[in-house]
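Student: The lines below spell out each chain.
2 protein chains.
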Amino acid sequence: MTARPGHTRVGFIGLGLMGGPMAGHIQRAGFELHVYNRTRAKAEEHLARGAQWHADPASLARASDVIITIVGFPKDIEEVYFGDAGILGAAPPGAYVVDMTTSSPALARRIADAAKSRSLRALDAPVTGGDVGAQRAQLSIMVGGERADFDALEPLFRTMGSAVHQGAPGFGQHAKLTNQIAIAGTILGVSEALGYAMRAGLDGDKLLQSISRGAAGSSLLLHAGPRMLAGDFAPGFYIKHFIKDLGLALESATELGLDARGTALVKELYEKLAQTGHADEGTQALFRLFRP
Amino acid sequence: MTARPGHTRVGFIGLGLMGGPMAGHIQRAGFELHVYNRTRAKAEEHLARGAQWHADPASLARASDVIITIVGFPKDIEEVYFGDAGILGAAPPGAYVVDMTTSSPALARRIADAAKSRSLRALDAPVTGGDVGAQRAQLSIMVGGERADFDALEPLFRTMGSAVHQGAPGFGQHAKLTNQIAIAGTILGVSEALGYAMRAGLDGDKLLQSISRGAAGSSLLLHAGPRMLAGDFAPGFYIKHFIKDLGLALESATELGLDARGTALVKELYEKLAQTGHADEGTQALFRLFRP
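Residue numbers (the working numbering), protein chains in the order written: chain A, 16 to 307; chain B, 16 to 307.
Just chain A, same shape as in the assembly (with noise of 0.2 Å):
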């Protein structure tokens, strides 16, 4: 099986600030698509363009091929894929089964078993490249999971970014968490950086023309790098999400026998935020720690 559009029927849970715009891409692309979502009416888009409303995961489930879940929480996907309404009680035999949330590898390969037992292929393929990212199809979706089923999916995350297949099931988070651990570190020498050039007196402009293209440059510079300076810490991903990323970040990173230290230190300093007042707020807002 290769997924087609006008032959393969999509089942997509989670219609929030990423998973809206990638099933609007999906539907766009004319896979028949049928939805769930805690709130509905988040919902309203697709289902004016004719996607299927059910009211609750199995349901979905039933109709679908492929069933596709971006959550939040490892709670919400205990919930969706476990539950008594869950997916992998209600699934037909074959079908595949996609969680995009970021997640923990362990969570992956426990759901991989379930899926197997019950005769459903499954992927881990969480995603980045925010939001933007999302709403113009250019994300990197990093896949755990067979190869095959991997490939079969492949047209349809086209419709949404980039798939790499990054081998067996948990591969994808795993992958995920290393993008999450390079973002700690590299967000904390930015914001360091910065609070050392504010206190300087260093113009912020001239500062960017001389250190953004060399050893230094990363993409957290030259783009979170004037919003800091600017003191814009709208979210474009929230401190509480990457709280949460760091936390499964370091417990898979301890069953690897990791010593992760930086990364320990950034989600505490983020914790500190956060009980602070500040978890709605952008990650760049790390640099409220450092500036002057």
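Hints were generated in silico from the structure; no laboratory data involved.
Every value quoted in this text rests on a predicted model; they were computed, and no experiment measured them.
Here a beta-carbon is modelled for each residue, glycine too, at the ideal position from N, C-alpha and C.
Please note: incorrect hints may appear among the correct ones.
[Claimed, not checked] Which stretches of chain A does chain B cover? Using the computed rule of at least three CB atoms under 8 Å from a CB of chain B, they are:
| hint | region |
| --- | --- |
| 1 | 173-183 |
| 2 | 186-192 |
| 3 | 196-206 |
| 4 | 213-221 |
Place chain B on chain A using the hints.
Tutor: Same frame as chain A, but now just chain B:
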């Protein structure tokens, strides 16, 4: 005055991995070159092309309109500028003194003050870009001092890369230390992330394909990352020199009231590496502490 080939006599002190090629570019651009170095052998290439050798900094200074230094540690700078056979006691009134060593903003201001009282013009002008940037004349040069003095020497800087006037005396050093602080956090993030990835069993190429162009992307992930994964710790930039720079950064950060905890952690990790015999490896050897 504007520096011009055929008119401006340039004295260059410190013909190491960085200074050697930098002086070479100045000479090839047509400037009369005077050289001094602790080890005379390193000047041979320049002397063969017609540079004049001097037995000490004072002799070089007396023969030069612009005196450039790039010499290693703050104590070396002190000796070269303030010592018995130093630059400041010998340079003719109106001459330019330009320290391109990575140094402390406080020492840069001290040199600028001493220069001013002797009717000399001082700039601090540290660089980024490494030995490769020096060889290719693609350095980023961050300059502190009087704007008019920067403008006068801009043609000289242009032979080595591109220069930006960052502000008053010491501001070139401030910009460089900002750069080093950003590198510290970023290289920690990259090291921990790739340590996680390798322990998880991810494929390095596929991983970088997924994450190097997004928010986790950085020059270090792209260039140092593959060397980390390959176990290639050959020096581009020495750990022992980075420890020096991070010490300068933390000293200056403390003066500015900044608690640079990430930078402090990274310095501590590098010191641990230096104490166990890795001081002469490249900074990407931080990965030793995180790989499986």
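Student: Take the hints in turn and mark each one as holding or not.
Tutor: Checked hints:
1. Coverage of the region 173-183 of chain A by chain B holds in this model, with 4 residues showing a Cβ closer than 8 Å to a Cβ of that chain against a need of three.
2. Given as covered by chain B, the region 186-192 of chain A passes the check, having 4 residues with a CB less than 8 Å from a CB of that chain where 3 are the minimum.
3. Note: the region 196-206 of chain A has 11 residues with beta-carbon separation from chain B under 8 Å; the three-residue rule is met and the coverage holds.
4. For the region 213-221 of chain A, the stated coverage by chain B is satisfied: 6 residues place a CB nearer than 8 Å to a CB of that chain, which reaches the threshold of 3.
Consistency with the previously given hints is maintained throughout, with no hint failing.
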